[in-house]
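Undergrad: Take a look at the letters that make up each chain.
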Amino acid sequence: MNMIQAINSAMDIIMTRDPDVIVMGEDVGYFGGVFRATAGLQAKHGKTRVFDTPITECGIIGVAVGMGAYGLRPVPEIQFADYIYPALDQLVSEAARLRYRSAGEFTSPITVRSPFGGGIFGGQTHSQSPEGLFTHMSGIKTVIPSTPYDAKGLLIAAIEDNDPTLFFEPKRIYNGPFDGYWDRPSQNWSKHPAGEVPTGYYKIELGKAKIVRAGEALTILAYGTMVHVCAAVVAEAGIDAEIVDLRTLVPLDIETIEASVKKTGRCMIVHEATRTSGFGAELSAIVQERCFYHLEAPIERVTGFDTPYPHSLEWAYFPGPVRIGEALKKIMKDA
Amino acid sequence: MASEHPRANLQPLTLHIPEPKFRPGDAVDFADVDVPPAGEARRPDTADKASDFTDLAYTLVRVLDDDGNAVGPWDPKLSPDVLRRMLRSMALLRAFDERMFRAQRQGKTSFYMKALGEEAVAVAAAYALDYEDMCFPSYRQQGLLIARGWSLVDMMNQIYSNTADRLGGKQLPIMYSVKEAGFFSISGNLTTQYPQAVGWAMASAAKGDTRIAATWCGEGSTAEGDFHSACTFAAVYRAPVIFNVVNNQWAISSFSGFAGAEATTFAARAVGYGIAGLRVDGNDALAVYAATQWAAERARTNQGPTLIEHFTYRAEGHSTSDDPGQYRSEGEPNAWPLGDPIKRLKDHLIVIGEWDDERHAAQDKELAEQVKAAQKEAEKNGILGHGLHQPLESLFDGVFEELPWHLKEQRQQMLDEEAASGRPWDRKA
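Sequence lines, in order, name chains A and B. If you read the first sequence in the numbering used here, its first letter stands for residue 123, the second for the next number, and so on. If you read the second sequence in the numbering used here, its first letter stands for residue 84, the second for the next number, and so on.
Think of the hints as simulated: they come from the structure by calculation, not from any bench. Cβ coordinates follow ideal geometry from the N, Cα and C atoms, glycine included. Take these hints with a grain of salt, some might be off.
Said to hold, decoys possible - In the DSSO-like style, the derived pairs of lysine-lysine whose C-alpha atoms are separated by at most 30 Å in a straight line are:
hint : chain 1 : residue 1 : chain 2 : residue 2
1    : A       : 384       : A       : 455
2    : A       : 330       : B       : 491
3    : A       : 455       : A       : 332
4    : A       : 169       : B       : 132
5    : B       : 491       : A       : 384
6    : A       : 332       : B       : 491
7    : B       : 426       : B       : 253
8    : B       : 491       : B       : 253
9    : A       : 385       : B       : 290
10   : A       : 332       : A       : 384
11   : A       : 325       : B       : 290
12   : A       : 166       : B       : 290
13   : A       : 330       : A       : 385
14   : B       : 455       : B       : 262
15   : A       : 169       : B       : 459
16   : B       : 253       : B       : 463
17   : B       : 426       : B       : 160
18   : B       : 160       : B       : 132
19   : B       : 426       : B       : 290
20   : B       : 290       : B       : 132
21   : A       : 166       : A       : 332
22   : B       : 132       : A       : 325
23   : A       : 313       : A       : 325
To be verified - A short, non-exhaustive set of chain B residues, derived as facing chain A with CB atoms under 8 Å:
hint : residue
24   : 168
25   : 268
26   : 270
27   : 279
28   : 281
29   : 289
30   : 293
31   : 316
32   : 383
33   : 415
34   : 481
35   : 482
36   : 483
As the list claims (entries may be wrong) - Under 8 Å between C-beta atoms, here's a sample of chain A residues computed to sit facing chain B:
hint : residue
37   : 212
38   : 403
39   : 406
Let the sequences and hints guide you as you build the complete structure.
TA: Rendered as structure tokens:
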């Protein structure tokens with residue numbers, strides 16, 4: 123399965139198991155979504171459980187919050203994460219706080235799916251990575267898979283979770299892993315072990331990172347598309363790096379991070395989002411607080427730039443192999 | 084070409100900034116507020132198409148006339164018993180507001196908001212809805228809880244953030260949440276409850292339930308994007324929801340003109356969405372009841388949403404933090420042409436021979452005693468001014484269903500700091 127099929131399978135399975143799960147969003151119904159993630163769900167589960175919505179993100183999330191308060195488990199889709207900003211208030215002031223402010227009388231068991239990230243020539247409005255905005259706000263969970271296998275297991279866990287969850291799908295790797303070299307032939311999930319996805323039910327606990335590659339020389343913390351880019355760079359550079367795929371940013375798997383950095387003594391953080399106040403800043407602070415006396419080099423951050431995503435200069439913005447390679451040299455300089 | 088039309092010959096553009104008719108010191112004359120005679124507005128069948136009665140979005144549905152008679156097709160013909168209960172709820176709301184307002188002034192809590200002058204809006208609607216229907220209120224619909232017979236002590240506990248506060252001291256006073264009484268958790272962010280009410284109503288419809296949702300916002304916050312998103316969703320899916328716009332003329336110090344009132348009515352917002360719209364005398368409990376009942380019937384028979392503008396007046400300040408004397412004429416509340424909703428319902432009951440001034444005065448006295456007794460009871464659980472009432476560690480409860488490590492760590496840090504402060508648990512009640 124590719125990641126889209128895995129996500130589709132997750133929704134199909136959970137809708138079959140739980141009649142309270144509802145899928146809604148722009149174009150998700152009859153058409154099955156612009157990325158086809160909801161294809162076939164309406165035909166199978168009916169129009170009142172899978173339906174198209176007006177183009178109002180604030181409305182989509184606000185309505186989902188109300189449905190959640192009724193007792194349903196809505197899975198709203200925001201077609202591109204760049205369009206989540208009109209829904210920001212409903213997400214962070216309402217969904218994220220409803221349990222807290224009502225002392226548990228009302229909750230928002232919603233899972234917001236949204237394709238995010240660049241690398242597809244989507245320009246400024248189809249490429250952004252807004253995860254840092256949400257990790258900054260208390261009460262909402264943030265999940266980012268990097269493989270079809272993880273995507274399915276994590277999405278099922280997110281939908282079954284009773285807290286509001288953002289499920290950001292790295293759209294650059296919907297169809298196959300990406301090594302960061304845009305001018306090389308693209309790969310396919312069918313040739314990757316994580317593309318082997320069971321057709322039945324399984325879930326992956328939220329808050330658990332995965333060690334993608336065990337190593338001793340340094341720890342690389344990454345998520346989504348960047349996991350694959352880092353793996354490719356590390357393989358070509360022949361460095362014995364430990365690559366940790368965070369999988370969920372909130373809650374964060376602190377134990378895996380801490381153990382890895384203490385073991386390797388070096389930490390590099392890689393994400394596509396803009397640098398300033400990005401989630402890398404939080405990771406860097408956490409590692410510094412907990413592992414300072416184990417560090418043998420300053421923490422390195424490799425990120426997107428503090429600019430909008432530039433259409434024709436996309437590959438200059440993208441933290442690809444060149445930038446990651448330079449950072450690797452820098453952090454390993456005294457090794 | 085632009086150059087062929089020298090700009091020097093064009094009239095300069097001007098920017099219109101709305102201005103209310105009266106400011107502090109001005110004499111008030113509401114003669115230009117159009118108040119059509121009671122009984123005049125037609126009452127369409129609830130199955131009629133919304134486009135067949137758009138005129139009702141531009142007039143004022145009124146039942147009680149100036150002499151206290153109930154007239155016209157919207158008269159809900161309620162029994163004297165129901166009328167008396169409605170009157171009692173409205174008077175209880177006023178007594179409650181009065182006492183809690185004073186409690187704030189006495190430093191017993193941080194904040195309060197009265198519904199003075201608009202008691203009919205929430206109370207009459209509560210009587211017209213089923214108890215099982217879900218209300219998504221704004222911050223001035225405490226009348227819903229009172230009309231639904233909810234415990235005054237429980238409401239006061241919330242206002243005092245005391246040991247018995249069902250919300251554990253986590254919300255601003257008056258931001259109640261009472262799921263049991265169909266009262267959704269109030270948000271301080273305006274009109275966010277509108278799409279949520281639509282979602283609840285859509286969920287009810289999707290599950291084949293029979294319950295409907297109702298929601299309230301002020302006229303000022305119809306400018307929020309959520310309002311328009313909600314109207315679009317409700318119209319598209321014919322959600323069984325009632326939108327109430329409480330046009331009480333003032334959004335803190337901004338008059339209704341800043342929400343667009345100079346150009347049209349708020350009920351007319353419905354027309355553009357193809358939603359049924361009614362403009363109602365919000366100080367006429369019978370009109371509010373009748374309109375709500377009519378809208379509820381539309382919702383329950385799958386005719387879709389209704390938007391009701393309640394034309395009323397906020398006779399008090401916005402909240403205890405507001406001084407309306409700074410921005411509006413003090414003559415306004417008394418000159419308001421629709422009168423006092425409690426007096427109008429009381430006069431009606433007297434006209435039909437079911438009430439009298441003595442009974443009313445006795446009831447007021449009894450209600451004041453009831454509120455006073457409730458306050459005494461609530462204050463046994465503490466008042467906000469007397470320090471913390473909740474265990475410190477409860478600060479972290481409810482961010483998530485289960486506490487993740489980083490919140491556990493922060494909680495431990497807080498407790499350690501408190502213990503190390505030399506005055507551990509000082510701030511407990």
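Undergrad: Which of the listed hints are broken here?
TA: 7, 9, 15, 19, 21, 22, 24, 30, 32, 33, 38 and 39
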